[in-house]
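Chemist: Here is how the chains run, residue by residue.
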Amino acid sequence: MLRAMVVGRRFDRQAGALTRQGRLAVYPSSHGQEACQVGGVLALAEDDWLFPTYRDCVALVTRGVDPVEVLTLLRGDWHSGYDPDRHRCAPQCTPLATNASHAVGLTYAARRKGRDTAALVLMGDGATSEGDAHEAYNFAAVWNTPVVFLIQNNQWAISVPVHRQTAAPTLAHKAIGYGMRGYHVDGNDAAAVHAVVSRALAEARAGGGPAIIEAQTYRIDPHTNADAPQRYRDDAEVEAWRRRDPIARLEALLRAEGVVDDAGMRRIEDAAEELAARVRERLSGDPEPDPAELFAHVYAAPTAQLARQRRELLDETREG
Amino acid sequence: MAATTLGGALNRALRDALAEDPSVVVYGEDVGPLGGVFRVTDGLTAEFGEDRCFDSPLAESGIVGTAVGMAMHGLRPVVEMQFDAFALPAFEQVVSHVAKMRNRTRGRVELPLVIRIPYGGGIGAVEHHGDSSEAYYAHTPGLRVVTPATPADAYSLLREAVASPDPVVFLEPKRRYWDRADLDLPVRTEPMDRAVVRRPGTDATLIAYGPMVATALEAAEEARAEGRSLEVVDLRSLAPFDDDTVAASVRRTGRAVVVHEASTFAGYGAEVAARITEQCFHHLEAPVLRVGGLDIPYPPPHLEEYHLPSVDRVLDAVDRLQWEASWVPDVPPPPPRRAAGRAEARS
Chain A
1 MLRAMVVGRR FDRQAGALTR QGRLAVYPSS HGQEACQVGG VLALAEDDWL
51 FPTYRDCVAL VTRGVDPVEV LTLLRGDWHS GYDPDRHRCA PQCTPLATNA
101 SHAVGLTYAA RRKGRDTAAL VLMGDGATSE GDAHEAYNFA AVWNTPVVFL
151 IQNNQWAISV PVHRQTAAPT LAHKAIGYGM RGYHVDGNDA AAVHAVVSRA
201 LAEARAGGGP AIIEAQTYRI DPHTNADAPQ RYRDDAEVEA WRRRDPIARL
251 EALLRAEGVV DDAGMRRIED AAEELAARVR ERLSGDPEPD PAELFAHVYA
301 APTAQLARQR RELLDETREG
Chain B
1 MAATTLGGAL NRALRDALAE DPSVVVYGED VGPLGGVFRV TDGLTAEFGE
51 DRCFDSPLAE SGIVGTAVGM AMHGLRPVVE MQFDAFALPA FEQVVSHVAK
101 MRNRTRGRVE LPLVIRIPYG GGIGAVEHHG DSSEAYYAHT PGLRVVTPAT
151 PADAYSLLRE AVASPDPVVF LEPKRRYWDR ADLDLPVRTE PMDRAVVRRP
201 GTDATLIAYG PMVATALEAA EEARAEGRSL EVVDLRSLAP FDDDTVAASV
251 RRTGRAVVVH EASTFAGYGA EVAARITEQC FHHLEAPVLR VGGLDIPYPP
301 PHLEEYHLPS VDRVLDAVDR LQWEASWVPD VPPPPPRRAA GRAEARS
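Residue numbers (the working numbering), protein chains in the order written: chain A, 1 to 320; chain B, 1 to 347.
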């Protein structure tokens, strides 16, 4: 788990650097939220599904998706770069909370096949205000599908603080109204996140119904590279959360338990550097997207209209 | 041959799809024991059980969103939106996910699902029960948008929609649910993406779909009495659009009127008119005209007859297609039929 978090943060830092170099169109950082994303994903079984948002790149890397394929969306050469079925990871969702009901439908379909596939939906504090979050919670509870909604409450929805999103005492309280279990967990404690997500998944799989887990964490970096957080939050707040860094905390715990030492940490950091170097190298060139592919995946078979537009575009690009 | 209603043909199509393919599920609001507010799912829960046809919570976005997840994982959901305007909460799911999933995932994930939507007016219902929002869906790449006008097509198109690897928005003309035809089911008609000539003619082409096909056919019948031969094309598929059939008809007749219930401004008819102009310009004797609903929010039931295109309004448009008389200066155009009354207009 520590290894995945260190690798994840290094990946995150590399992606940020690539964005500043113009290699990525945009990058929403996971820095500070590694305990949620790694702790949550490592609780999933092989057949379970992950439903991530655009801010969950570290979760996808932890799930084993090729880091370059994770970055396809943000590099901008296609929308989603990985095979959802192969990794049991839905495409990263940008319209907030809209993929939550997909998880409900997917686990419903799995149950129809006689499988106990569960799903973990990652969502932010802002997303809980969306109507689609409400509908997904309600469908999951009524249909008793094994879906765990992990709310990474990172305190800020771009510039809007969580107290402007909800009057509920906690986001976990929302579970009560849907007749499901609600958990509140320290989202910077990876072991705690892993334990509570594992428990919620096990209960859901056993027919105990879905659950909402609110994990209290913090978005250390700006919303994306285009954000200006100094306009809405104090550095002192960020500093206070830096002192609760989830990686430092897990490392301290594992060192105290004698699970990891200096040499172990060096091996982890070497692995992280190696991954970063590979990502850097593979993204060093310019992407060469094929304009003909624009028409390839609109319908199962291209319509006459699309075939005509494809011909015209290819003529145009040849002339150009 | 048995008399079959359009609604009954849809019911039979769902029944046969459920029987043939265990991956088909039907759900939505009140589609279970009640059989849907229009009874299109009548008897399906009793016959196939609550696993195959069931009531869901009353939330359209959730209905379509869960269908996306089911279709991602091997099921073929057929969901019902109770009325056209009540499908709007699901619009984001339809546009951002249903239409785009294949594209976003580079063809790795397809969504074989059907969203059934009773649409259009003419049933004397109160507000939010008579809308025609086909243009929104047809404007969205990645969706197939289909609408039957006859009981035979209702059966055949719905079977084809359920079997399609692409998501289909299936628009059911609610005022025609009770239209009857002598028909033996199952029946297969022309392929889903083809328009058909419902009535051959030589002087002008009426292009219609869904609820307006019957109106166009009635107009063609009246026109015959007046000595004009009108061809009627039933589009059936609004997306993709069958350019070949439409263009061939208009090239033969040289004149075209597009008829739909939806408001005319920026409506589906604008696309049809533009495509005909682009492809048939040298064959046209007159500008392509549109007969649609007024550019107003859907009116209350006692006023809907003024909004909905009538046979008279269609024939008035045909009169305006620059026939020889209208080229002669100082000859006033014929008065509109509704104002003048049918008998006077004919005299």
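No lab work stands behind these hints, which were simulated from the structure alone.
In this text, a Cβ means the ideal position worked out from N, Cα and C, and glycines have one as well.
Do not rely on the hints blindly, as some may be mistaken.
[Said to hold, decoys possible] Just the calculated beta-carbon pair ranges, DEER-fashion:
#: 1; chain 1: B; residue 1: Arg108; chain 2: A; residue 2: Arg266; range: 37 to 43 Å
#: 2; chain 1: B; residue 1: Gln279; chain 2: A; residue 2: Ala17; range: 51 to 57 Å
#: 3; chain 1: B; residue 1: Leu58; chain 2: A; residue 2: Gln309; range: 55 to 61 Å
#: 4; chain 1: B; residue 1: Leu58; chain 2: A; residue 2: Ala195; range: 35 to 41 Å
#: 5; chain 1: B; residue 1: Glu218; chain 2: A; residue 2: Gly131; range: 23 to 29 Å
#: 6; chain 1: B; residue 1: Glu218; chain 2: A; residue 2: Gly208; range: 45 to 51 Å
Chemist: Each hint should be assessed against the structure and marked as holding or not.
Modeler: Results of checking the hints against the structure:
1. Arg108/B x Arg266/A: 37 to 43 Å: With Cβ atoms ~39 Å apart, the hint holds.
2. Gln279/B x Ala17/A: 51 to 57 Å: 52 Å, holds
3. Leu58/B x Gln309/A: 55 to 61 Å: For Leu58/B and Gln309/A the Cβ distance comes to about 40 Å; the hint is violated.
4. Leu58/B x Ala195/A: 35 to 41 Å: Holds, since Leu58/B and Ala195/A (Cβ atoms, about 36 Å apart) stay within the stated range.
5. Glu218/B x Gly131/A: 23 to 29 Å: Given a distance of about 43 Å, which is not inside 23 to 29 Å, the answer is violated.
6. Glu218/B x Gly208/A: 45 to 51 Å: 60 Å, violated
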